[in-house]
Amino acid sequence: MNAGGPDGTTAFLVNGRPVTVNAPPLRRLADALRDDLGLTGTKVGCNAGDCGACTVLLDGAQVCSCMVSLAQAAGRHVETVEGLAAKGRLNRLQRAFLRHGAAQCGACTPGMLVAATELLRASPRPRAAEVLDGLGGVLCRCTGYRKIVAAVLDAAGDAPQPLATPPAGAAVGARLAKLDGVPKLTGAERYGADAVPEDALWLRIVRSPHDSARVVLGNLMEDAARPGLERVLTAADVPYNRTGIYPDLRDQPVLAEGVVRYRGDPVVALVGTREAVTAVRDEDLPIRYEPLTPVHGLADARTLGAPLVHEETEGNKLVEGGVERGDAEAALADCAATARGRFETAFVEHAYIEPEAGWARRVGERVELFVSTQTPVMDRDTTAEVLGLAPTQVRIVPSACGGGFGGKLDVSIQPLAALAAWLTGAPVACVYERPESMMASPKRHPAVIEARMGCDAEGRLQAVDFDATFDTGAYASWGPTVAGRVPVHASGPYVVPHVSARGRAFYTNGPPAGAFRGFGVPQAAIVHEALMDDLAAQLGMDRLAFRLKNALRAGDATATGQVLEASAGLVPCLEALAPRWQRALEDAARVNADDGRVRRGVGISCMWYGIGNTALSNPSAMRITLDREGRLILYNGAVDIGQGSTTILAQICADALGVAADRIAQVIGDTDWTEDAGKTSASRQTFVSGKAAELAGAALRAAILREANAADDATLEFAGAQVVVRDGGRRVEIDLTRLKADAAGVVLEGTGRFDPPTTTLDARGQGSPYAAYAFGAQVAVVDVDTELGTVTPVRIHAAHDVGRAINPTQVEGQIEGGIAQGIGLALMEEYLPGKTENLHDYLIPTIGDVPEIEVIIVEDPEPLGPFGAKGVGEPGLVPTAPAILGAIRHATGVRVTQVPALPHRLRRALLEREARP
Amino acid sequence: MPEYLRPTALDDALAALSSRPLTVLAGGTDFYPARVGAPLDDDVLDITALQWMRTIEEHADHWRIPALATWTDIVEADLPPWFDGLKLAAREIGGRQVQNAGTLCGNLCNASPAADGVPVLLSLDAEVELASLERRETMPLAEFIRGNRQTALAPDQLMVAVRVPKPHAERARGHFLKLGARRYLVISIVMVAAALEADAAGRVVRAAVSVGACSPVARRLPALEQALAGRPCDAALGETVTDAHMAPLAPVDDARGSADYRLDAARTLTARTLAGLGSMM
Ligand SMILES: Cc1cc2nc3c(=O)[nH]c(=O)nc-3n(C[C@@H](O)[C@@H](O)[C@H](O)COP(=O)(O)OP(=O)(O)OC[C@H]3O[C@@H](n4cnc5c(N)ncnc54)[C@H](O)[C@@H]3O)c2cc1C
Ligand code: FES
Ligand code: FES
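Listed in order, the protein sequences are those of chains X and W. 1 is the number of the first residue of the first sequence in our numbering; add one for each residue after it. 1 is the number of the first residue of the second sequence in our numbering; add one for each residue after it.
Some clues are possibly wrong.
Stated by the list, open to error - Straight-line distance between alpha carbons at most 25 angstroms, and here's what the computed DMTMM-like set of lysine to aspartate or glutamate pairs gives:
| # | chain 1 | residue 1 | chain 2 | residue 2 |
| --- | --- | --- | --- | --- |
| 1 | W | Lys166 | W | Glu57 |
| 2 | W | Lys87 | X | Asp282 |
| 3 | X | Lys835 | W | Asp254 |
I should point out that these hints are in silico values taken from the structure, not numbers from a laboratory. It should be emphasised that the depicted structure is a prediction, and the values quoted were computed from it without experimental measurement.
Here chain W stands alone, though its shape is the one from the complex:
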């Protein structure tokens, strides 16, 4: 009979993880679909009964989204416009059912190339908090995700939260656009996230742009980010985008779209994201 642990205290969960291999179960929205028609024989550590792990908190220099915060929790949280991109992403995950159960941390740990949470959080310079019985560490998300479904998570570690540093400028906003082949319940063909900070004169002081589903791990577009710096925030920001800015991307052909198309759509979507964000700043 497989084990099924459902602790209420984090230390109990970490102790269990340190003693034997266990599959972590959160919202189950990646876990169960991966086991259709297969026996459910994993030894499981269900973390959904852990306390104090759901409420999004504001700290002095960052926001903290804990492991059990669902997409719906994110949509409903009172957050500044810096999180608008994350909220837009959350609203377009699956349908309501998936949003109500699935967690942001689960999305990151699952590390699918099409995970919508990844590009948004990359654009926000997010860090992940990892915990094992012995120690806690914080690591940039960009280091945490190593490849297609590969992460830096050790077998004895849980991701306990995502940290989003507060922007420095007062005018700061995020945005997100997703392209899929139907309206709901759709995995992205391409998605783009952007976050801008502007000075009092309305000029970009910091830009972050990332693209998902066009490489094994979502990628930031540093050349574009540099090109944006100093520009006035308006719809014309979209015109900054060039083909060369897409250089970090390496899309593949699959049933959802050809590689050429992905690159072309990434550029269009990036321009639209920036145009939209520029005019909203």
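Chain X with its partners taken away, still in its complex shape:
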């Protein structure tokens, strides 16, 4: 009665094909598929049933393959994402996903497709509610789900036409399907954990279970010794045991040096076979922790005589920044109406579906890393610094990235995997389990913000005083960037003559807080928008009209004294929303007329966001080559983390060059081959790298036209080893084989570099910190169950000025995905170390939590941007939480001052309000 076949093997069918696996019967089916059968299309996001990325069909029923034992598959039929595309042709459902842009990073896509397959077999023309039920067990962190629902509904409809690639010159503005979309739909895409060589050693980091403790290590190799364990790395093995974002602030040890500063701080690293490093129990290692009094939260950190998280940092104060314009204090005293408030936010987890993963190998005197990242060049430099190598001795080859949102801007596995590979000579892989990913990765900064805002009797804003403190956790990470960006944005997208805004970040023994979509601006927006609602109420003005009156327009000066020269499209956003706002208000009045326990509310919120780094140079460079055989290759250093830069940059470059976008092949992010295109962060890739791609395309075009001696408006046709140039009536054929080629066969090339013009900020924070700003506004409609304190978003209208929508489908996808994260920020997400370290207890929105979204794209062209474009990666998230909070207030009268507005918090506030006379 032992499981499986005679020799301990398990036989079953995978996608119609018989297979036999020789592995322990208790192995997770997901691991058997991935590691034993090489079917890595099935993803593992949590190993606990919480994310659904591993969904497969078992005899036609969807199950999480991370919770099925290999033995339970015996004799049954397992269907995976790899089985969907018959003979290499995408099926209807996959084509619908491609057409709708339903896959962004693609990490959830296999699970979504498989779940939808079960649904569509049972119900070929499902209703939307059935789609939600059918796909409810799969989480997506990128898309906001709306395009997934649309794709499933559409797959059931009539045979969809494949999306035609637009002709030369028409790519910008087209709803071009993702150029890297197909492998994300077939399971062929390679993420960080997908291409680990069979002979790799594995590395597992042992992390502190304490928030703050002294650590004493015993004789690790001796005590942990077991077959398969090759090495235990400690701080002593790390040549330069520090990492950090800023050259003058490398405060984070790679492995602990006698102290640990947060629950999750790396202590030692085990290197060996996968079985061996998993089998070692942390408790059995000779690591002694002597717990110290931890610093929890901002109040603790700022207490006089509080323990110092870093000995050398007095008062735990990491950094301080500010903007001073006019005299806010005096102006507030003169205001006809003033509002004030104190607001608190929590640690928020990125919760990308793909945990940190990758592997390294030593190649002679170099080390190469295949890794999921948002920032290959910084990874290269950090890894080189830690290993004591020159940057040229490290190569980063980015894997497909299953979501980042800022969390993959810090190194994770890179330095240790590289070090272990360097020392052992073997390839070394490291894949975080979900709890490790959540413990170790940086978070959104908890903030405590106190602010005042005032306007005159006509409703013109006069002054803002804004004081923000941020909990940056145990290490700086991107804390200084947050503290610097927030004061610039603190007064909102409004004309305010007098601004005093300060941002400070303090160390605590919490998880390091770093970059997270919006770099602190979403927290700030909660504050300025609540105060805007207060002022409108005091003046008896409509909330939208009040915002319109104060909206920044081209020609206005910002709080840093920067005069916006163009592309400040908040006004058209608000104008587009106005009729929807009116209807929503009327609808809410109708719903609330019967005085039921569920009350409907409508909220509105505005945002702005400076594109790119704050007051710092942040250049991108791109290169496109034409080789002897007529191949066009874009060397693109911008990693696509699902937001779509691979497609966007090709669209831009193609139109600048004059060729169809799908004719351009790309090499992406490989630091040996591409120029530095900076980080995929700060909504900068479309604007900055896009401009570089445009310049590169234009430069290659110019080079070709020179060869043909043709005029600027000539057309190009790439036909094999020939380029045909048509210039008026003239036709010139360039025979590429006759041009002089370099070693790689390249005959012509174009390069482009763009560094947005910004200035540093002076002592009062005055200057031009960004070259372009995105604007937007959202209206949220919610239902509040006043007896239970629960909030159900009903609808969101989102109008965003993106300058130019290079690809409207992708713009919508970014906004919808941002909105979903904004819903999480407002209503459910709170990371508590030791308590919500998995996706069971840490809740992100599911497919049933994101309501209908209407995206309205406003295009007020940005003269500096490629074809007028700015960025949209972060803006969608910023106004959502404040709009929802405004809607809660409209529904109930409760002004929420702490997010997330969990049911128990909101219910308490409702009861307190009732109790007030």
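Once you have looked at the hints, place chain W with the ligands on chain X.
The following block gives chain W with the ligands in isolation, referenced to the frame of chain X:
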């Protein structure tokens, strides 16, 4: 190398259990999440190949839900309105994947304070059938679950089925409401189950109400049940509920909700469950 047994006959399974300690594996939806990042080195008795253990059966005075019946099996079974609460609970467990694999018996054996199956089955006066090589016994569910993740299951025993006694009255119906902080894949902050039997005149002859996630083990609310007896079945049943009826509950603060809130929400949810059930009877 750890053992992995996957018998097809119940007696083989029981024989194995009587000879050595083994971890029982059914749908795996509690088993695997408890072992993230840990070695899979348990000696396992996988019961999913056992035959005759999946189909829900009707007997003269009870229904029998066997060990391998999944949440989906329950949703799809042709059952009277007495089981409506159980079906509602089943539909809201995790997502489809968990419903397709996870079993009701596994939910009871795991005995989490937030297990949705427990309050529903308490409201139906369910009993569990336990079997070892030597003997079979039947025990009220209320006795089986002893505390937070503690049960009366002996190491050599399997739970082979849950028995739900048939109601006496012709008009009998169950209901269930769950409160979570998101739509899918959510563990209950509070959940309430109720079952009512009514006489021909439409008056409550027997009421059972239980609340989960507000104490280490879900609790029945006897004072409320007594207060309901004799009342007409309609939406006004919800108004019967008072704070005092919540006395058996002892909720705690955790990340999902404060103790105060749980108590408050339990009362609201109980009233809604009864109002809903009353109007459906
Ligand atoms: C993502 C996710 C969401 C979930 N959501 C919910 C939810 O909303 N509500 C809820 O109540 N639960 C929820 N659960 C838990 C639920 O799936 C389980 O409690 C399930 O019902 C357990 O059944 P199983 O067959 O999977 O048990 P297993 O995991 O196989 O076993 C569970 C335990 O019971 C023992 N066991 C199982 N069967 C027997 C038997 N016949 N005899 C003796 N011992 C046995 C096992 O040894 C083990 O200790 C969720 C789980 C996941 C992963
Ligand atoms: S990996 Fe299986 S559900 Fe997340
Ligand atoms: S596309 Fe769904 S998680 Fe990235």
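The hints, checked one at a time:
Pair hint lysine 166 (chain W) plus glutamate 57 (chain W) holds up; C-alpha atoms about 12 angstroms apart against a cutoff of 25 angstroms. Our distance criterion of 25 angstroms between C-alpha atoms is broken by lysine 87 (chain W) and aspartate 282 (chain X), whose separation comes to about 42 angstroms. Among the hinted pairs, lysine 835 (chain X) with aspartate 254 (chain W) is consistent with the structure: their alpha-carbon atoms are about 9 angstroms apart, no more than 25 angstroms.
Hint check: a violation occurs at hint 2 only; the rest are consistent with the structure.
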